Amino acid sequence: MNNISDKKLINYGEAIYEACFQEMALDKNVFVYGLGVDDPKGHYGTCKNFHKTYGKKRSFDVPLSEDALTGIGIGSALSGLRPVYVHQRMDFLLLCMNQLINMAAKLRYISSGEHSVPIVIRAAIGRSWGQGAQHSQSFQSFFMHVPGIKVIAPTTPHDAKGALIASIRDNNPVVFIEHRMLYNNAGYVPSESYEIPFGKGRVLKEGNDITIVGVSHTVEDSLRASSLLKEVGVNAEIIDPISLSPIDYDLIRKSVLKTRRLLVVDNGWTTCGFSSEIITDIAINCQNIKCERLGFVDTPCPTTPSLEEVFYPNPKSIAIKANKMCDGDIKWCPPEVVNKEITSFKGPF
1 MNNISDKKLI NYGEAIYEAC FQEMALDKNV FVYGLGVDDP KGHYGTCKNF HKTYGKKRSF
61 DVPLSEDALT GIGIGSALSG LRPVYVHQRM DFLLLCMNQL INMAAKLRYI SSGEHSVPIV
121 IRAAIGRSWG QGAQHSQSFQ SFFMHVPGIK VIAPTTPHDA KGALIASIRD NNPVVFIEHR
181 MLYNNAGYVP SESYEIPFGK GRVLKEGNDI TIVGVSHTVE DSLRASSLLK EVGVNAEIID
241 PISLSPIDYD LIRKSVLKTR RLLVVDNGWT TCGFSSEIIT DIAINCQNIK CERLGFVDTP
301 CPTTPSLEEV FYPNPKSIAI KANKMCDGDI KWCPPEVVNK EITSFKGPF
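Per the working numbering: the sequence shown ends with 349, consecutive numbering throughout.
Worth double-checking, as some hints may not be accurate.
[Stated by the list, open to error] Cross-link-like lysine-lysine pairs, in silico, DSSO-like; alpha carbons within 30 Å at most:
{"#": "1", "residue 1": "Lys8", "residue 2": "Lys28"}
{"#": "2", "residue 1": "Lys205", "residue 2": "Lys331"}
{"#": "3", "residue 1": "Lys205", "residue 2": "Lys258"}
{"#": "4", "residue 1": "Lys316", "residue 2": "Lys258"}
{"#": "5", "residue 1": "Lys254", "residue 2": "Lys321"}
[To be verified] Cβ pair distances, simulated, as ranges:
{"#": "6", "residue 1": "Leu94", "residue 2": "Glu195", "range": "28 to 34 Å"}
{"#": "7", "residue 1": "Ala283", "residue 2": "Ser317", "range": "22 to 28 Å"}
{"#": "8", "residue 1": "His115", "residue 2": "Asp67", "range": "16 to 22 Å"}
{"#": "9", "residue 1": "Thr53", "residue 2": "Glu195", "range": "20 to 26 Å"}
{"#": "10", "residue 1": "Ser112", "residue 2": "Leu9", "range": "45 to 51 Å"}
{"#": "11", "residue 1": "Lys254", "residue 2": "Val337", "range": "26 to 32 Å"}
{"#": "12", "residue 1": "Lys41", "residue 2": "Pro246", "range": "30 to 36 Å"}
{"#": "13", "residue 1": "Ser112", "residue 2": "Ser317", "range": "44 to 50 Å"}
{"#": "14", "residue 1": "Pro300", "residue 2": "Gly36", "range": "44 to 50 Å"}
{"#": "15", "residue 1": "Lys324", "residue 2": "Thr53", "range": "50 to 56 Å"}
Simulated from the structure, these hints should not be mistaken for lab results. Everything numeric in this text was worked out from a predicted model, so none of it was measured. The beta carbon of each residue, even a glycine, is placed where N, CA and C say it ideally should be.
Working from the sequences, and respecting the hints, build out all of it.
Listed below in structure tokens is the structure:
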């Protein structure tokens, strides 16, 4: 819908809540489970009171046994149900990799299409306030590497709702990535049910000088950087891929052929990451494109705020890199941009 009067202003977490709530109402086979989904906070409000509305058989808390519980989800999916398994941090997916990669991702293929595994794995990325090395990792590239798993990382409330609905309805496993710092960001969202298609990204800001592609929260940082770049006459085009596997390569190529410059700002380490994949595609399919990338510093994430500040890409570092790529003044130093969602977060969950 294009008319803003047909939409309401809600935040990212509320959009995810609405997607799950509506799908549970439409399809009795959808159920939601995970650590803390039935506590008063309801996983940042995204699962609040589901157990009261739909009963404890369709929304329930679980023990810390990720591998076994992923197996339960896969078995349920094979039986015709549509499980949504919620993880408070993406780091915990390391404990269920065999189930996800060797089972969920491959069962449709090895059964010649006879069986499907319609399971959604919701995973939140942590950041700030002492998350440290073990509660802040971003593993999208792990799952992008595996055929049979879709990987989705929406940035806006509108896309979060539509992409989650599409994920729940899909007949194959989906890793749905949510960034902790996005939950309170607001946007206009249709009240009715709708889907955001897999493999389709979005241009959030048009520009002619450089293409900047982010992932999840780094899309927000890239938009802030584009405001800084206006001060030096650089008009950046900002792309939100939304879908990381499959990727909307056509959208990115079209933009890059216009701007002739590409900066990929990964929400993760750059080695063998999302940024590597995008730049490789551009190198193969386009010519004479200036490419750069930013991502996590090549260390585990520090806990100390002063060190954490330099670990992540931020609007200032993105703007400086983009300006240099556009042959701007190498001495230009934009002001710091305060990320309110980070400074206001008082964790741990």
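Against the structure, the hints:
A C-alpha spacing of about 26 Å is found between Lys8 and Lys28, which places the hinted pair at or below 30 Å, so the restraint holds. Taking the CA atoms of Lys205 and Lys331, the gap is about 26 Å. The hint holds against a cut of 30 Å. With a C-alpha separation of about 14 Å, the suggested pair Lys205 and Lys258 falls inside the 30 Å cut-off, and the hint holds. Between Lys316 and Lys258 the CA atoms are separated by roughly 24 Å; this keeps the pair inside 30 Å, and the hint holds.
Between Lys254 and Lys321 the alpha-carbon distance is near 22 Å, which keeps this suggested pair within the 30 Å criterion. The hinted range of 28 to 34 Å is satisfied by Leu94 and Glu195, whose Cβ atoms lie roughly 30 Å apart. At about 23 Å, the beta-carbon gap between Ala283 and Ser317 stays in the expected band of 22 to 28 Å. Distance hint for His115 and Asp67: a CB-CB separation of about 20 Å, consistent with the stated range 16 to 22 Å.
A C-beta distance of roughly 23 Å is found between Thr53 and Glu195, which places it inside the suggested range of 20 to 26 Å. With their beta carbons about 47 Å apart, Ser112 and Leu9 fall inside the hinted range of 45 to 51 Å. Judged by the Cβ atoms, the range 26 to 32 Å given for Lys254 and Val337 holds: they are separated by roughly 29 Å. A C-beta distance of roughly 34 Å is found between Lys41 and Pro246, which places it inside the suggested range of 30 to 36 Å.
Here the CB-CB span from Ser112 to Ser317 is close to 49 Å, well matched to the stated 44 to 50 Å. Against the hinted window of 44 to 50 Å, the Cβ-Cβ separation of Pro300 and Gly36 comes to about 25 Å, which falls outside the hint. Checked against the hint of 50 to 56 Å, the pair Lys324 and Thr53 passes, with Cβ atoms roughly 53 Å apart.
Checked against the numbered hints above, the structure violates only hint 14.
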